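In order, the protein sequences belong to chains Z and D. Numbering-wise (our numbering), the first sequence opens with residue 1 and increments by one. Numbering-wise (our numbering), the second sequence opens with residue 1001 and increments by one.
FYI, nobody ran anything at the bench for these hints, they're computed from the structure. If you're wondering where the values come from, they're calculated on a predicted model, not measured in any experiment. Every residue, glycine too, gets a C-beta built ideally from N, C-alpha and C. Keep in mind that the hints are not guaranteed to be accurate.
[What the hints assert, rightly or not] Between beta-carbon pairs, the in silico distance windows are:
(1) Z:R42 - D:P1004: 53 to 61 Å
(2) Z:E214 - D:A1119: 23 to 31 Å
(3) Z:K356 - D:P1004: 16 to 24 Å
(4) Z:A253 - D:P1004: 51 to 59 Å
(5) D:A1119 - Z:D20: 28 to 36 Å
(6) D:P1004 - Z:R341: 37 to 45 Å
(7) D:D1034 - Z:G301: 35 to 43 Å
(8) D:P1004 - Z:Q4: 35 to 43 Å
(9) D:D1034 - Z:E60: 50 to 58 Å
[Claimed, not checked] Distance condition first, Cα-Cα at most 25 Å in a straight line; then the derived PhoX-like pairs of lysine-lysine:
(10) Z:K17 - D:K1093
(11) Z:K203 - Z:K17
(12) Z:K244 - Z:K295
(13) Z:K340 - Z:K356
(14) Z:K348 - Z:K295
(15) D:K1093 - D:K1083
(16) D:K1083 - Z:K218
(17) Z:K356 - Z:K218
(18) Z:K17 - D:K1083
(19) Z:K340 - D:K1083
(20) Z:K244 - Z:K218
(21) Z:K283 - Z:K10
(22) Z:K244 - Z:K120
(23) Z:K283 - D:K1083
(24) Z:K267 - Z:K283
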Amino acid sequence: MLKQTPLNAKHREANAKLVDFSGWEMPIHYGSQIEEHHAVRRDAGMFDVSHMLPVDIKGEGARAFLRQLIANNVDKLQTTGKALYSCMLHEGGGVVDDLIVYFMSETWFRLVVNAGCADKDLAWMEEQRNRYAPGLQILPCRDLAMIAVQGPNAAAKFWQALPGSEGPTRSMQPFTAIVIGSMFVARTGYTGEDGFEIMLPAKAAPYLWQALLEAGVKPCGLGARDTLRLEAGMNLFGQDMDEKTTPLESGLAWTVDMASERDFIGKAALLRLPRDKQLIGLKLLERGVLRGHQKVHTAQGEGEVTSGTFSPTLNGAIALARVPMGVAVGDRVEVSIRDKRLPARVVKYPFVRNGKTLV
Amino acid sequence: MSIPTDLRYTKTHEWARLEADGSVTVGITDHAQDLLGDMVFVENPALGRQLEAGEECAVVESVKAASDVYAPIAGAVVAINDKIESAPEAINKDPYGAWMFKLKPAQAGDLDGLLDAAAYQAHVESEAH
Chain Z
1 MLKQTPLNAK HREANAKLVD FSGWEMPIHY GSQIEEHHAV RRDAGMFDVS
51 HMLPVDIKGE GARAFLRQLI ANNVDKLQTT GKALYSCMLH EGGGVVDDLI
101 VYFMSETWFR LVVNAGCADK DLAWMEEQRN RYAPGLQILP CRDLAMIAVQ
151 GPNAAAKFWQ ALPGSEGPTR SMQPFTAIVI GSMFVARTGY TGEDGFEIML
201 PAKAAPYLWQ ALLEAGVKPC GLGARDTLRL EAGMNLFGQD MDEKTTPLES
251 GLAWTVDMAS ERDFIGKAAL LRLPRDKQLI GLKLLERGVL RGHQKVHTAQ
301 GEGEVTSGTF SPTLNGAIAL ARVPMGVAVG DRVEVSIRDK RLPARVVKYP
351 FVRNGKTLV
Chain D
1001 MSIPTDLRYT KTHEWARLEA DGSVTVGITD HAQDLLGDMV FVENPALGRQ
1051 LEAGEECAVV ESVKAASDVY APIAGAVVAI NDKIESAPEA INKDPYGAWM
1101 FKLKPAQAGD LDGLLDAAAY QAHVESEAH
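The following block holds chain Z by itself, in its conformation from the complex:
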C-alpha cells in the first residue's frame, strides 16, 4: 500500500499520472512534463513535496549536535531563519543523505530530508543523539505537508493566492525561512528559480494548493522536478551521490567545511581517502538522450553518467557524470549509448539558472 500525501485527491482531480516514488503515490506529470518544466522556467509551477520529511531538532545543545552531525558548518547560520545545504555522512565518509537545515533558534533547528531516506535518517540521527546529546529531541513532523512554488512569477502568484503573505515574505533573501502562524515559509527550492517552499498542516494544504491553482500556478510533477534540478546542477541522492560516494567526488566539496577545527562524522575518512573521481557536467553534441549509468570514455579513463536527461530548456541532452580527476571543462569525451559512442563536451554546471542558459 503506497503512502499518500494530503494532496492526493487534488492530483487525481487534475488527472495526474501517479507513480510509486520511494513508497509514496506521487504525480510524475499532469499531461506533459515538458510543459510543466517550461512553466517553472517562464512563469510559475507548484510541486507537492509532502513526501519529504521535516525533522525538528529541539533542546539545549542543538547547534553543538549539528556541528558533529553534518558536513557543512552549522556555525555559518547566525541569523534567525537562515538555511544551509549539507550532507550528513557516515564514519566512512559516504553520504547518508543530503538535507537543508534551518536555524530558527538555539533550541530549534529544522532539517528537511529526502522521502526515500527518512526512516534511515531518523534512525541514524537518533543513534548519534544517544551518543552525543541524549537530552536533545528529534521530532519528525509527519503531520506537515509541503508545497514548492517555483518560477519567476512564483512569489507574485503566491502573494495573490494568500492575502497577507506579501508583507512578511517580500524582503526574504534566498535561503531563509520565516514562520507565519502555522506555516513555515522558506525561500528555497530545487529548480534554480526563485520561489518558496511552504510547510503547513496537512489539513490546510489542499486549500493553499487550490488557491495557488486559481492564481494561475501550474501543477508540476516529479518528472519536471527532475529535469529542472538537473538543469540547475543540483545533485539527487541515490543517483549523484550515495552511501558509497563521498561529497568530495560528488561535486559537493563546497558544502563540506574542512577549514574549521570542528570535527564531524566522516571528516577523518574524507582526510584519509584518496580523491580520484570528480563530478562534471556533460552536454551531448549529437542527437540522443543521456541516461544514468551510461559509460563515459575520457583520455583519463572511464567514468559513468550519474544523472542524465533531455533538457527542455537547452533542447538537448545534459548529464552529471563521475569521471577520473584530470578531465577538465572543455574536454571532448564519448558516451556509450546503446551500440554507439557519441561525442559530448565537458561543461561547467549549472546548465540553467533563473531562466538563463549558462552553457
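Model the placement of chain D on the given structure of chain Z, informed by the hints.
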C-alpha cells in the same frame, strides 16, 4: 485511449497499416506514447535494412525512458519518416499519423498474424493488472 479498428497491432505496442501499394506503415500506439510521456528522440532503421519479425529496429525516447521498437513483420525498410526525428513530439500529438517507417513485407498476408483492435485492447487491459 485510441485504438483504430483499421490497424493491426503487436503485443509490443506497434501499429501496422497495409497500404494500397502493398507496403506496411509502422508506428507506436497511443497507449505506448501515453506510457512513455513527452517524446524527445526517435531513431529509425536504415533505409533498405532487412528486418525479421520481432527484430529490434528503432528506438523512441521520452524524457522519462528509452524504448525499443520492434518490426511487426519481416520485410525491407522502404521509407522512413525523418520529419519525426526533428519533431518527436508529433508522436504524442498524433500517434497514428506520426508513422515511423514503411516495410515491404517479405510475404503478403503476414499482417494477418497480428492483433486486431479488440485483441490489442484486451492485451493492454491485461498488462494493466
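Against the structure, the hints:
1. Z:R42 - D:P1004: 53 to 61 Å: Roughly 36 Å apart at Cβ, these two residues miss the hinted range, so it is violated.
2. Z:E214 - D:A1119: 23 to 31 Å: 45 Å, violated
3. Z:K356 - D:P1004: 16 to 24 Å: Violated - the Cβ-Cβ distance for Z:K356 and D:P1004, about 44 Å, lies outside 16 to 24 Å.
4. Z:A253 - D:P1004: 51 to 59 Å: Holds - the Cβ-Cβ distance for Z:A253 and D:P1004, about 56 Å, lies within 51 to 59 Å.
5. D:A1119 - Z:D20: 28 to 36 Å: Given a distance of about 29 Å, which is inside 28 to 36 Å, the answer is holds.
6. D:P1004 - Z:R341: 37 to 45 Å: 40 Å, holds
7. D:D1034 - Z:G301: 35 to 43 Å: At 41 Å between Cβs, range holds.
8. D:P1004 - Z:Q4: 35 to 43 Å: At 36 Å between Cβs, range holds.
9. D:D1034 - Z:E60: 50 to 58 Å: Since D:D1034 and Z:E60 have Cβ atoms about 55 Å apart, the given range 50 to 58 Å holds.
10. Z:K17 - D:K1093: Holds, at about 17 Å.
11. Z:K203 - Z:K17: 23 Å, holds
12. Z:K244 - Z:K295: Status holds; Cα separation ~18 Å.
13. Z:K340 - Z:K356: 31 Å, violated
14. Z:K348 - Z:K295: 19 Å, holds
15. D:K1093 - D:K1083: 14 Å, holds
16. D:K1083 - Z:K218: 31 Å, violated
17. Z:K356 - Z:K218: 20 Å, holds
18. Z:K17 - D:K1083: Violated: Z:K17 and D:K1083 sit about 29 Å apart, past 25 Å.
19. Z:K340 - D:K1083: Roughly 22 Å separates the two Cα atoms, so the pair holds.
20. Z:K244 - Z:K218: With Cα atoms ~37 Å apart, Z:K244 and Z:K218 exceed 25 Å; violated.
21. Z:K283 - Z:K10: 37 Å, violated
22. Z:K244 - Z:K120: 15 Å, holds
23. Z:K283 - D:K1083: 24 Å, holds
24. Z:K267 - Z:K283: Judged against 25 Å, a Cα distance of about 33 Å means the pair is violated.
Violation of the numbered hints given earlier is confined to hints 1, 2, 3, 13, 16, 18, 20, 21 and 24; the remaining hints are satisfied by the structure.
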